[in-house]
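Q: Assemble the whole structure, with the sequences as input and the hints as a guide.
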Amino acid sequence: MAAVEANSEHPLAEAIAQYAQSQDITTPLPSIKNFDAVTGRGVQGTIGENFLQIGTQRWLEDLGIDTRELQSQSQAQAWEAEAKTTVWIAVNGQIEGLIAIADTLKPSSAQAVKALQKLGLEVVMLTGDNRQTAEAIAREVGIRRVFAEVRPDEKAQIVKQIQQGEGEKKINLNPKSQIVAMVGDGINDAPALAQADVGIAIGTGTDVAIAASDITLLTGDLRAIVTAIQLSRATMQNIRQNLFFAFIYNTAGIPIAAGILYPFLGWLLNPIIAGAAMAFSSVSVVTNALRLRQFKPKF
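Per our numbering, numbering of the sequence shown is gapless, rising by one per residue and ending at 371.
Wrong hints could be hidden among the right ones.
To be verified - Result set (DSSO-like, lysine-lysine): computed pairs, CA atoms no more than 27 Å apart in a straight line:
1) K178 to K370
2) K190 to K370
3) K186 to K368
4) K190 to K368
5) K190 to K232
6) K186 to K370
7) K190 to K178
8) K178 to K368
9) K186 to K232
Calculated directly from the structure, the hints in this document are not laboratory data.
A: This is the structure we're talking about:
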């Protein structure tokens with residue numbers, strides 16, 4: 073498994089390779105022939121006379137490989153109930169074993185989800201993991217809506233469906249037009265990141281995901297998403313305030329300068345006062361904009 077997975081860039085493959093290294097069994101690795109990564113399914117390759125296929129149970133079953141005997145004799149379901157991802161291995165078309173990989177949650181993940189929900193946003197999980205594992209993780213972080221066992225080519229389509237308001241009722245959104253932000257870090261997330269109204273890539277992810285996104289977070293902490301949204305909202309509010317400061321002086325001053333009050337009160341706008349008002353307008357806009365330097369996210 074380590075020899076085959078060492079040729080893959082998938083995070084699960086990296087976990088398997090690192091585990092093998094910790095067991096001092098990675099030197100030397102046997103050479104691999106005909107290596108192939110099947111997107112969203114697994115990897116396969118030939119070692120000597122043996123053909124190995126490593127990936128999801130669903131993929132192996134689609135290939136006609138019987139997994140029932142090993143599943144009944146293993147703790148696959150117990151692992152999945154514990155939010156662990158099971159990776160199956162078949163040799164020459166026969167199922168031989170499986171390994172469980174725990175997608176460890178960061179302590180800040182649940183806090184980030186809760187903060188996003190407080191902002192009036194609906195948080196949705198979109199994953200290729202099996203449903204039992206995905207739902208276990210979702211419960212742990214407080215996510216109520218889960219799309220599981222999704223192939224990479226289906227992620228962009230699901231994002232599009234949510235944008236069109238299809239499916240379940242959304243929170244605080246127009247059912248005819250949803251604004252969707254997609255957060256991802258892998259090659260498989262790139263199409264969905266491009267499809268979303270706002271693509272947010274994790275800075276620790278792949279270059280493809282970063283290139284397909286609109287925003288790249290410099291940290292792997294999901295709370296940075298909350299910071300980005302809160303800062304964006306604060307910036308838009310600041311812009312509206314600056315527009316008020318920019319136009320209020322002109323709205324009040326131009327009619328007076330044109331003499332609208334002269335027939336009634338005999339008032340005309342002294343050019344010196346007009347110049348001072350314009351300068352004060354600029355000072356107001358700049359001073360208000362500088363308040364963003366004091367921005368601090370709220371979790």
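Q: Does each hint fit the structure? Answer for all of them.
A: Structure-based check of all given hints:
1. K178 to K370: holds (19 Å)
2. K190 to K370: Given pair K190, K370 holds - Cα atoms ~10 Å apart, limit 27 Å.
3. K186 to K368: holds (18 Å)
4. K190 to K368: Within the cut-off at roughly 16 Å; holds.
5. K190 to K232: holds (24 Å)
6. K186 to K370: Holds, at about 11 Å.
7. K190 to K178: Holds - the C-alpha atoms of K178 and K190 are around 20 Å apart, at most 27 Å.
8. K178 to K368: holds (22 Å)
9. K186 to K232: holds (25 Å)
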